[in-house]
Amino acid sequence: MTNTAKSILETRALDLSIGGKTLCRNLHLKIAHGECIGVLGQNGTGKTTLLHTLLNFRVADKGEVLLCDRPVSDWPRKELATKLGILFQNSSDEMPATVLETALLGRHPHLANWQWESSTDLALAHASLAAMGIAALAERDVTTLSGGERQRLAMATLLTQAPLLYLLDEPGNHLDIAFQVKSLALLREQVIEKRLGLCMATHDINLAARFCDQILLLTGDGGFLLGPTHEVLTPANLSKAYGCEIREASYERGKVFFPE
Amino acid sequence: MIQRHHYILLALLLALTVGSFLVSFSSGSVDLGIGTVLQLLFGAEGGLEQQILFELRIPRSIAAFLSGALLSLSGVIMQVLLRNPLADPYILGISGGAAVAALASILLGFSGLWISNAAFGGAMLSILIVFGLARSQNSWSATRLLLTGVVISAGWGAMINILLTTSANNSVYSMLFWLMGDLSQSSAGLPSAFVLLGGFVLMMAVAPSLNVLSRGDLQAASLGVNVARLKLILYFSASVLTACAVTIAGSIGFVGLVIPHMLRLLGARDHRVLIPASILLGGSFLMIADSFARSIIAPQQLPVGVVTAIIGVPAFLLILRRTKPAPG
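Sequences listed follow chains A and B, in order. For the first sequence, my numbering assigns the number 3 to the initial residue and increments by one for each residue that follows. For the second sequence, my numbering assigns the number 13 to the initial residue and increments by one for each residue that follows.
So here's chain A without its partners, still in its complex pose (with noise of 0.2 Å):
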């Protein structure tokens, strides 16, 4: 499937590296339509500097990233934003505003300068808050939300921006293990019924079993594994990278793993 779609995002000879310490070296990524694709690695191991690598938000030290076929420094700030959207890792909310005007912001790379948001700009946002279940927060100020709740506005404002590729950075943060699996299973359906792509940085490895089709396994002193979730995703894989024994247990729909 891959080698025959036209990739969303790739990565070429990518070299990454942050404070000397080296975290990957010649990465070749391919994200395609229709394809979730899993980070894991230890903590340190630079899953989220590859997420901010593929964002622009820092140069790697050799190789490039292409959105389209464009490389992602090309792109402009805001035209790149109505491709790529992410999840960070934690949000900061200082500043009051309601929930519904935070996930409205989603819409900012969309809207020219001097244009309000249109009542199918407010439609969405509406329905994302709906899809993250926290419709009935809409007028909340942003700051009396639980860590859950705003992790579940994260999300909703992502859905607003409706971008091509889902960056998720920890995306199970916060929420309760039946919200993590639902609005993951959202926004798998929306990728494979829409032909997005999305690209998750977890340490929850049944998480980026159950929904990942490819796996980016990194160890942490510059290699990594890649390929299909089946393949990469192996306790021996898994025990190298993690330097604890990890085990599986099979049950009817896939296989679980845990530490020893």
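No wet-lab data here; the hints were simulated from the structure. These figures come from a predicted structure and were not determined experimentally. You may find that some hints are simply not true.
Footprint (simulated), chain A over chain B, 3 or more residues, beta carbon under 8 Å [claimed, not checked]:
no. : stretch
1   : 234-240
2   : 276-289
With beta-carbon atoms standing in for the labels, derived distance ranges [said to hold, decoys possible]:
no. : chain 1 : residue 1 : chain 2 : residue 2 : range
3   : B       : S153      : A       : A137      : 54 to 62 Å
4   : A       : D63       : B       : F206      : 57 to 65 Å
5   : A       : G149      : B       : L214      : 44 to 52 Å
6   : A       : H30       : B       : L140      : 29 to 37 Å
7   : A       : G150      : B       : S153      : 27 to 35 Å
For glycine and all other residues, C-beta sits at the position ideal for the given N, C-alpha and C.
Add chain B to chain A, keeping to what the hints say.
Structure of chain B alone, referenced to chain A:
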């Protein structure tokens, strides 16, 4: 998203502005009365009263409106730029630079326009010093900017104290008036009006980006804002607006900090509403404060900066108390 209550708020503020102009025109050591003011404005001949209105009251009211509007617009910008609700137009040391230059020129025996020019020059110098020091390797963190500004401010503060303690008594009196903010010497000309208008148009153009930027640098960048460029625009806009304001009337406190917060509490959180609302409320507020300043103990005048705090503190606390915490 603009809503009906935003239109109502802006309409009320517009009415308040017109009302404040009339109050400001009529009050002072000679009470003209709003009826007389209206007759004179619409062409009646009035001898001395006409002279008072056109030569004293109107220029002073305009100066008050402009400095209030400049300060509160600058306050809005600083609060977004530094992402700090405690930020005000003076937090980065602009008023300190202006004050040192103004006080030095008072010490040297200059007056009137020369003091204003010195203040503007001092403000510009301070803007450039902070900018030069805060910007390192293209990174522009709010914390670094804030720290640099606060430290430079402290430096100016020390110089102000040196000037105050070493000056002769009679000049200390005018220095103190300048420091507290005073409109009795001021006349704001067209340049300040153009700066305000330019600032308003520019800020309205970037207002949607301000909404996003107040959610944080990364979030703003991910939603399509060129953060570094926007911050540069904000820094220089806020600085020039503040420099103009202190040039008109010295460092009037409180307006730039509190007016934006009052409006946010009243529901104007979207910058496309907050920006025009701050201009109107900031301008009106300062005109009213100045009307009090010259009529409470007339014919003597209080520095307007004292009155802004005397009116502003209870007004702000009242709004803070009456605003319901969010439901739930």
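Which constraints among the numbered hints does this structure fail? Numbers only, ascending.
Result: hints 3, 4, 5, 6 break, sorted rising.
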